[in-house]
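For reference, the chains in residue letters:
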Amino acid sequence: MARRIQAHRYLTLPERGREISFKYNGKTLTGYETDTIASALMAEEVKITSRSFKYHRPRGQFDAEGHGPEVLVTVDDEPNLWADLIPLRDGMEVKSQNTWPSPEFDIAAVNQVTVPMLPNGFYYKMFHKPKWVWPLAEAQIRKVAGLGKIDIKGRHNKRRYEKRYRFPDVCVIGGGPAGLGAALAALEEGKQVLLIENRAELGGHSLFDLSPVSGSPVSELNGQPAYQAVQTLIEELADSPNLEVMVNTTVFALYEDNLVAAQCGSDMFKIRAESVVLCPGATDRLLVFENNDLPGVISARAVERSIARHGVLPDEDAVVVTTHDGGYHTAMMLHGAGAKVMAVVDSRTGNTPGHFENQAREAGIEIHKGHTVHRARGGRFVTGMDVGSPTGSDTTRSFNCDLLVLAVGFKPTLNLLSMGRKTPVWNIERGILQVNELPEHIYSAGEVHGNASFGRLLEEGSTAGKAAAQGAANPATSRTAEEIIAALPADIECGGKNHFICKCMDVTRNEAQASIGEGYDQVESLKRYTSMGMGPCQGKSCHEAIARLAAIDTGLSPEEAMPTTMRPPFMPTTFGILAGRAPHLGPIRRTAMHHAHIDRNVKFLDAGQWKRPEYYTTPEEEVKHVRTKIGMIDVSTLGKIELSGPDALDFLHFLLPGKFRKLAVGKTRYSMMIAEDGILFEDGTLSHVSEGRYYLSTTTGNQDAIMSMMMWWLTVEPRDVQVKNLSGANAAINVTGSGTREFLQPLTDVDLSNEAFPYMACREGSIAGVPVVMFRIGFTGELGYEIHYPAEYGESLWNHLLEEGKSQDVKPFGVETQRILRLEKGHLIPGTDTDALSNPYEAGVGFTIKDDKPDFLGKAFLKDFKDRGIKNRLVPYVLDKGVVIPEDGVAVIEQGKAVGRVTSSRTSPTLEQGIGLVWLPDGMAKTNQRFTIRNRKGVDTNAIVIDHASYDPHGERLKS
Amino acid sequence: MSFQLSCPNCGKRAVGEFAFRSEVLERPSQDDDFRKWAEYVYLRRNHRGKQLEWWYHRGGCQSWFLVERDTVNNTDHCSFWYKDLQQVLATEKEG
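Chains Y and H, in that order, are what the protein sequence lines are.
If you want this note's numbering, it's the 1-based position in the first sequence plus 178.
If you want this note's numbering, it's the 1-based position in the second sequence plus 190.
Bear in mind the hints are in silico, worked out from the structure with no lab data behind them.
Note that the structure is a prediction, hence the values are computed from the model and not measured.
Accuracy of the hints is not assured; some may be wrong.
Restricting the straight-line Cα-Cα distance to at most 30 Å, the calculated cross-link-like pairs of lysine-lysine (DSS-like) are [what the hints assert, rightly or not]:
#1 Y:Lys1031 <-> H:Lys273
#2 Y:Lys1031 <-> H:Lys226
#3 Y:Lys902 <-> H:Lys202
#4 H:Lys202 <-> Y:Lys448
#5 Y:Lys600 <-> H:Lys240
#6 H:Lys226 <-> Y:Lys1044
#7 H:Lys226 <-> Y:Lys1041
#8 H:Lys240 <-> Y:Lys448
Covered stretches of chain Y, as calculated for chain H (at least 3 residues, CB under 8 Å) [claimed, not checked]:
#9 878 to 891
#10 1025 to 1037
Which bits of chain H does chain Y cover? Going by a derived footprint, with three or more residues having C-beta under 8 Å, they are [what the hints assert, rightly or not]:
#11 203 to 212
#12 220 to 233
#13 238 to 249
#14 252 to 261
We put the CB at the ideal spot given by N, CA and C, even for glycine.
Isolated chain Y, as found in the complex (with noise of 0.2 Å):
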């Protein structure tokens, strides 16, 4: 029976706080403020935590350090996460998954007894032939085998996720003993230090250590027992101005750079330090033999913190099973809760007794040296265990106890010394997996180089942080005799099943060793084929007895069988915490007019960063409006570009490839942009404003491309040009109808005749006092002003010509009615219609390129373009009416093969028919040509390729 203790032989119990209640399966249970979930469920005797993956067997907590599949559950709707790193709050709800209906009774577990056992492959190999049975088979097994299940309506979606910023000088990761004296040794030094912590306390291991305290740097705690000695630091750090304390916070990954990547709740949080120091320590080893996964197997420290920090005792009949002297520790701390150590089990012999083995042997518990376990026995959990010679021959003893305590040694949590870049190495001496070589500025100390006593560990930590603060080397470390725990002796041989080796995807030794058998012996391609390792610990539980066991079974040595690749993330990262909030964060540009649209019910659309009106009515309705009476749209998003100076023209002969000497003040051209491998990549005007001053319009999503382009040719051809960016400064919009003119003469002062202003012309002056620049332009194919001011009058003027023109029926109309104007006169949009191998010539817009100038961007590649001749060509199309529109993107179908594509397709409400774009090879692309388009359905439309514009072919409604 586990239960609550009211106090301790050997130690002091920490306050519980408040009691509090929280729900476990739909049932109310109760808890105090310091405990996990997983302390809180094993103070309320729940046992069995999960079912396994694959045979759904019995699990229960094991090592309380957040690495075991073992107590994986749901909490509010939320899946996947460690219930023994979860500080529980009122009201919780916890889910246990994989179980159905509950963890105690589990109708899959019949997958034991059915299938007695599963071997790899075996889903594979049984269900891979005839290949329609996979995905059937597939469905059915992901059922019962997997996690948590995702609720895509749960309450964590609504959840508000962050992207952080830290910048500290020494940033240290782990709060142990370690990680304190880093810290403290950096404080002194006078740097701004950021301690991370992944549970809700600092002190790591040290707050369930008796051991006295000996040889600190910190002279004060000497003599005092460990876990009183660390309280004492902490409060000394407490009041340190130039650090900054995170706790429940993950590392997850550590990137170039010292870019630490940690999460925090819904935070993420990106520090980038000058220097790390990862003091990360190590968690207890994993021993396999039969039955090694029942509930009731469980770590030393699993104990020690449940008793010393929570005041839990996880049950009354404990043997444990050591290797050092800290099993004895683990024995003192069970006898001084009360419990009932029926044994230590230590597989020494002949070493000299220990400080805790001495105590154990006074407290009159019984030991037996020389023996380990060789099995644990019992159904649902725990009820028994055999122990024998370590070389698993002879069983001599058995022992009805529920608590089967594993306390032999320690691995080094290397994953964030590793991370994919620094392979461990299998240090001998030590009996561990060591990183020893870092990259510059990332130190590393504590357990993670091997088991010490908590001054060694402090010291070590202060040495590591005062060189971090230095930018010092990486300071070497070193273990006493005394210090060193042996490695393991070989792990149990002594028959039977259910070796478990990864608990996370249920694979037992005997699983590995037939897979070794079948030709995977090396520990990479092992672990591909039997997916040890694969599982949500990602190794983090079992990499070390993968490496070990696989040197065992295939007789390579220790220092070859090296575990497979520690890769980010260190703990299962939720997609919400690396997307953040926005999308990309990028910023959301708004227009000078977007109160306006709202006040008009707009729907709005994404233009790269902008929300550009989509429609206001319907795209149909302001298309007939646009045709009959007067439209207006926001432009302000165009990119508008400035250049003056003594070279400017020279510097647009070079940029564009038309000639602009002869484009007199008041002129405007359309003109192509070409990249240098002669794709057109963006098209707009080019109007000479003022002598020698000259104004370039572009589409919204190539500005910042177009404006680096031309601060790069600037450094590396400088020419006296200034280029002046007024995408952002200035507001536009487009008054387009047939009765513009009479519009808008009233409210300017610039002469809006046909004769004084034509078509393709650009004036200055001003509109209700606003200074504009106004183009006459036609991209819908009607009369049509667009006006470009000063962005600070943007909503006042365009609210202004919408009063003005009430009694004209003047009204707004958005990108997608543009979108169909511009289709109904056959005009491209570069990008739309074009793509990135789409040659100007064949576009239909070589008119725009005079390629008899010196050099261009583009000219060596448009000669080549010239040469080859044109294959095929973009052009517009009708459709019969009456039939389906295609959608855009859609294929050209002759003689069964795609022989062109459709990139562009409307309904035009004008002619009341389907219009578009389309690349034809050039056989085909001839007025009148009829041709087969097949849409997303498959269905086949008869389109016509037509010579010019669908509306207003020779553009006579445009130059009146």
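Chain Y is already provided as a structure; the job is to place chain H on it using the hints.
For chain H alone, kept in the frame of chain Y given last:
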């Protein structure tokens, strides 16, 4: 990629603030063979080791500069202005 780059204007910043253009290439003249142009546009050395590159401080001062970067470990950068390129190359030769 999580390293930091030094902008000659703004100092050390996370690489995400910058845009990479390419390794430094010499643009052929219009009299050159088309093959040379095709190589200029499409082929890159992808050198393993130190190489000269163009970077743009997109999320900052918007200036173009050169970086000598070790593509093996992404550390040990040296940043400078294009106008100082000849001087840097000369110093390197001496060194």
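Could you check the structure against the hints above and give me the numbers of any it violates, in ascending order?
Violated hints: none at all, because every hint is consistent with the structure.
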